[in-house]
Amino acid sequence: KAGVTQTPRYLIKTRGQQVTLSCSPISGHRSVSWYQQTPGQGLQFLFEYFSETQRNKGNFPGRFSGRQFSNSRSEMNVSTLELGDSALYLCASSLEGGQGGQPQHFGDGTRLSIL
Amino acid sequence: GEDVEQSLFLSVREGDSSVINCTYTDSSSTYLYWYKQEPGAGLQLLTYIFSNMDMKQDQRLTVLLNKKDKHLSLRIADTQTGDSAIYFCAETRSGNTGKLIFGQGTTLQVKP
Numbered sequence: 001k002a003g004v005t006q007t008p009r010y011l012i013k014t015r016g017q018q019v020t021l022s023c024s025p026i027s028g029h030r031s032v033s034w035y036q037q038t039p040g041q042g043l044q045f046l047f048e049y050f051s052e053t054q055r056n057k058g059n060f061p062g063r064f065s066g067r068q069f070s071n072s073r074s075e076m077n078v079s080t081l082e083l084g085d086s087a088l089y090l091c092a093s094s095l096e097g098g099q100g101g102q103p104q105h106f107g108d109g110t111r112l113s114i115l
Numbered sequence: 116g117e118d119v120e121q122s123l124f125l126s127v128r129e130g131d132s133s134v135i136n137c138t139y140t141d142s143s144s145t146y147l148y149w150y151k152q153e154p155g156a157g158l159q160l161l162t163y164i165f166s167n168m169d170m171k172q173d174q175r176l177t178v179l180l181n182k183k184d185k186h187l188s189l190r191i192a193d194t195q196t197g198d199s200a201i202y203f204c205a206e207t208r209s210g211n212t213g214k215l216i217f218g219q220g221t222t223l224q225v226k227p
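Those protein sequences? They're chains D and E, same order as listed.
Per the working numbering, the first sequence runs over residues 1 to 115.
Per the working numbering, the second sequence runs over residues 116 to 227.
Note that these hints are calculated values from the structure, not bench results.
Hints are supplied without guarantee of correctness; some may be wrong.
[What the hints assert, rightly or not] Keeping only pairs whose Cα atoms sit at most 20 angstroms apart, straight-line, the calculated SDA-like set for lysine to any residue is:
id, chain 1, residue 1, chain 2, residue 2
1, E, 183, D, 88
2, E, 226, E, 185
3, D, 57, E, 210
4, E, 151, D, 88
5, E, 226, E, 132
6, E, 151, D, 3
7, E, 151, D, 37
8, D, 57, E, 145
9, E, 151, D, 57
10, E, 226, E, 196
11, D, 57, E, 196
12, E, 151, E, 131
13, D, 57, E, 212
14, E, 171, D, 44
15, E, 185, E, 153
16, E, 151, E, 183
17, E, 151, D, 41
18, E, 151, E, 184
19, E, 151, D, 44
20, E, 151, D, 111
21, E, 182, E, 118
22, E, 226, E, 153
23, D, 57, E, 171
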């Protein structure tokens, strides 16, 4: 079974631009969660999508948004990029969001660098 | 609060056992997880335990949970150089779907 796939692996953008990251979950998984990893703040939860609906949200500004498609693939968008958005963005999928002992499985992440 | 705490660094000799510790604060924790991250990679799920369990063993890995003290540990038997990585503990909480709350990560250095 293929794992979680994130594209692209690396991105370089400049301040003020916007970016879209993509995540394909494990086949059959309906929940997709996104995390930001930085040296200073560690791993922080951005949001979770299930059945094309945002079901949970972390404490990030509205510049961070996402969506999920009917095949469970998800995209994350960051608008008006700031230097502080430089991070590794990780996507994780699970059967139904981690409740009931269904663990999240992670992709290798997208490394976003803002110049 | 959202505190999950881990010590930042552990160094062991190859062949020794490693014990990585984690404490959490919220009594609504449902499941507790251990993930491993190698350089340039995402997080690899190692094992997880339901919050009502005391212990879980999986090959070289043993997870111990002290619910009263909210203390979780991961023991790696016969530690190998390939075990060198950052180890994260994480929890899920009742009603908080899709959200893992992570500790800061423990860097495990295995010396030959």
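Outcome of the hint check:
As the CA atoms of residue 183 of chain E and residue 88 of chain D are separated by approximately 35 angstroms, the hinted pair breaks the 20 angstroms bound. Restraint check for residue 226 of chain E and residue 185 of chain E: the C-alpha separation of about 30 angstroms exceeds 20 angstroms, so the hint is violated. Of the supplied pair hints, the one linking residue 57 of chain D and residue 210 of chain E holds, its CA atoms being roughly 13 angstroms apart against a limit of 20 angstroms. Taking the CA atoms of residue 151 of chain E and residue 88 of chain D, the gap is near 15 angstroms; set against the 20 angstroms cutoff, the hint holds.
Straight-line distance between C-alpha atoms of residue 226 of chain E and residue 132 of chain E comes to about 12 angstroms, which keeps the hinted pair within the 20 angstroms bound. The hinted pair formed by residue 151 of chain E and residue 3 of chain D meets the criterion: a straight-line CA distance of about 16 angstroms does not exceed 20 angstroms. Taking the CA atoms of residue 151 of chain E and residue 37 of chain D, the gap is near 14 angstroms; set against the 20 angstroms cutoff, the hint holds. For the given pair, residue 57 of chain D sits about 19 angstroms from residue 145 of chain E by alpha-carbon distance, which is consistent with the 20 angstroms threshold.
Annotation: proposed proximity of residue 151 of chain E to residue 57 of chain D is violated, straight-line Cα distance about 24 angstroms (limit 20 angstroms). For the hint linking residue 226 of chain E to residue 196 of chain E, the alpha-carbon distance of about 7 angstroms falls within 20 angstroms, and the restraint holds. Between residue 57 of chain D and residue 196 of chain E, the direct Cα distance comes to roughly 38 angstroms. Violation of the 20 angstroms bound is thereby established for this hinted pair. Straight-line distance between C-alpha atoms of residue 151 of chain E and residue 131 of chain E comes to about 19 angstroms, which keeps the hinted pair within the 20 angstroms bound.
Taken as a hint, the residue 57 of chain D and residue 212 of chain E pair is honoured in the structure, with Cα atoms around 10 angstroms apart against an allowance of 20 angstroms. For the proposed pair residue 171 of chain E and residue 44 of chain D, the alpha carbon gap of about 27 angstroms is over 20 angstroms, so the pair is violated. This hinted pair does not check out: residue 185 of chain E and residue 153 of chain E have alpha carbons roughly 27 angstroms apart, beyond 20 angstroms. Restraint check: the Cα-Cα separation between residue 151 of chain E and residue 183 of chain E comes to about 26 angstroms, which exceeds 20 angstroms; the hinted pair is violated.
Proposed proximity of residue 151 of chain E and residue 41 of chain D is supported: the alpha carbons are some 18 angstroms apart, at most 20 angstroms. A C-alpha spacing of about 24 angstroms is found between residue 151 of chain E and residue 184 of chain E, which places the hinted pair above 20 angstroms, so the restraint is violated. Distance hint between residue 151 of chain E and residue 44 of chain D is fulfilled; the C-alpha atoms sit about 16 angstroms from each other, no more than 20 angstroms. Taken as a hint, the residue 151 of chain E and residue 111 of chain D pair is honoured in the structure, with Cα atoms around 18 angstroms apart against an allowance of 20 angstroms.
Of the pairs offered as hints, the one joining residue 182 of chain E and residue 118 of chain E holds, with about 15 angstroms between alpha carbons and a cut-off of 20 angstroms not exceeded. With a C-alpha separation of about 16 angstroms, the suggested pairing of residue 226 of chain E with residue 153 of chain E holds against the 20 angstroms cut-off. Annotation: proposed proximity of residue 57 of chain D to residue 171 of chain E is violated, straight-line Cα distance about 31 angstroms (limit 20 angstroms).
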